[in-house]
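Asks: Using the sequences and the hints given, assemble the complete structure.
Residue strings, one per chain:
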Amino acid sequence: KQEVTQIPAALSVPEGENLVLNCSFTDSAIYNLQWFRQDPGKGLTSLLLIQSSQREQTSGRLNASLDKSSGRSTLYIAASQPGDSATYLCAVRAGGTSYGKLTFGQGTILTVHP
Amino acid sequence: GAGVSQSPSNKVTEKGKDVELRCDPISGHTALYWYRQRLGQGLEFLIYFQGNSAPDKSGLPSDRFSAERTGESVSTLTIQRTQQEDSAVYLCASSLTAFEAFFGQGTRLTVV
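Chains F and P, in that order, give the protein sequences.
The first sequence begins at 260 in this note's numbering and counts up by one.
The second sequence begins at 106 in this note's numbering and counts up by one.
Derived from the structure by calculation, the hints contain no laboratory data.
A couple of the hints might just be wrong.
Computed cross-link-like contacts, DSBU-like style, restricted to lysine-lysine with a CA-CA straight-line distance of at most 30 Å [to be verified]:
no., chain 1, residue 1, chain 2, residue 2
1, P, LYS162, F, LYS301
2, P, LYS162, P, LYS120
3, P, LYS120, F, LYS301
4, P, LYS116, P, LYS162
5, F, LYS327, P, LYS162
6, P, LYS122, F, LYS327
7, P, LYS122, P, LYS162
8, F, LYS260, F, LYS301
9, F, LYS327, F, LYS260
10, P, LYS116, F, LYS301
11, F, LYS301, P, LYS122
One-sided excerpt, in silico: chain F residues whose CB lies under 10 Å from chain P [what the hints assert, rightly or not]:
no., residue
12, ASN291
13, LEU303
14, THR304
15, GLN310
16, LEU348
17, ARG352
18, GLY359
None of these values were measured; they are calculated from a predicted model.
C-beta: ideal position from N, C-alpha, C; glycine also.
Replies: What follows is the structure, encoded as structure tokens:
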């Protein structure tokens, strides 16, 4: 059974800092990995998606890496801003008969203070 | 529609009552998923539809939970004889391929 773990569970940083969120998964047979952002009372917003054959993806100040063989992914946020405060979720997508099914980590609650 | 729509956005029900939660996926999306997020916990997979069929319903926690999809569009998640532990945010997602999942805003269910 796939298990996804995110470290740290919570992080509080001053504005402007660069930070790294970590995600690990137990079964390397994934289709892809996706990072989401969740704001209180709202749905999930997709940030980055990395295919299993890729090593990293970048979007603006966000960079996500994937080391499938070791079961690890990191989300790097550069020059953090108060608007980045949210819960960040890592999810891996299975293939086969569970095509597209996502297994989520517990999330990292990020607070960026001015 | 422009996005995944879920209704109601909030539902308060008495223990023992049945509830129905609705999901309208993005038009043309053949895959539809239901997830549950209990307070302080991660999202749990409940069921996956491809078209109107459910090849993976392994996440449904008990036989009180059921779901259907019609017309390769709207899906309804039904919880019978609700219990307090059913209180959670129920999220629906749809996709055209396995590359993406587009989530609705969720239905917050409170069982009192």
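Asks: Would you settle whether the hint for ARG352 (chain F) is holds or violated, based on the nearest Cβ-Cβ distance to chain P being less than 10 Å?
Replies: At about 6 Å, which falls below the 10 Å cut-off, the nearest Cβ of chain P leaves the hint on ARG352 (chain F) intact, so it holds.
Asks: Taking only the CA atoms, is the gap from LYS116 (chain P) to LYS162 (chain P) under or equal to 30 Å?
Replies: Since the Cα atoms of LYS116 (chain P) and LYS162 (chain P) sit roughly 24 Å apart, the hinted pair holds (cutoff 30 Å).
Asks: Go through the hint on GLN310 (chain F) and say holds or violated, using the shortest Cβ distance to chain P against 10 Å.
Replies: Cβ of GLN310 (chain F) sits 8 Å from chain P, so the hint holds.
Asks: Is the straight-line distance between the alpha-carbon of LYS301 (chain F) and that of LYS122 (chain P) 30 Å or less?
Replies: holds, 26 Å
Asks: If you draw a straight line from the CA of LYS122 (chain P) to the CA of LYS327 (chain F), is it 30 Å or shorter?
Replies: violated, 45 Å
Asks: Given the hint that LYS260 (chain F) pairs with LYS301 (chain F), does the C-alpha gap stay at or below 30 Å?
Replies: Status holds; Cα separation ~28 Å.
Asks: Hey, does the ASN291 (chain F) contact hint survive, CB to chain P under 10 Å?
Replies: For ASN291 (chain F), the interface hint holds, since the closest Cβ of chain P sits about 7 Å away, which is under 10 Å.
Asks: Is LYS162 (chain P) within 30 Å of LYS120 (chain P), Cα to Cα?
Replies: holds, 24 Å
Asks: Hey, LYS327 (chain F) versus LYS162 (chain P), does the alpha-carbon distance stay inside 30 Å?
Replies: With Cα atoms ~27 Å apart, LYS327 (chain F) and LYS162 (chain P) stay inside 30 Å; holds.
Asks: Holds or violated: is there a CB of chain P closer than 10 Å to the CB of GLY359 (chain F)?
Replies: OK, holds: GLY359 (chain F) within 10 Å of chain P, min 4 Å.
Asks: Hey, LYS122 (chain P) versus LYS162 (chain P), does the alpha-carbon distance stay inside 30 Å?
Replies: holds, 23 Å
Asks: Straight-line Cα separation of LYS162 (chain P) and LYS301 (chain F) no greater than 30 Å?
Replies: Given pair LYS162 (chain P), LYS301 (chain F) holds - Cα atoms ~25 Å apart, limit 30 Å.
Hint 6 alone, counting from the list given before, is not met by this structure.
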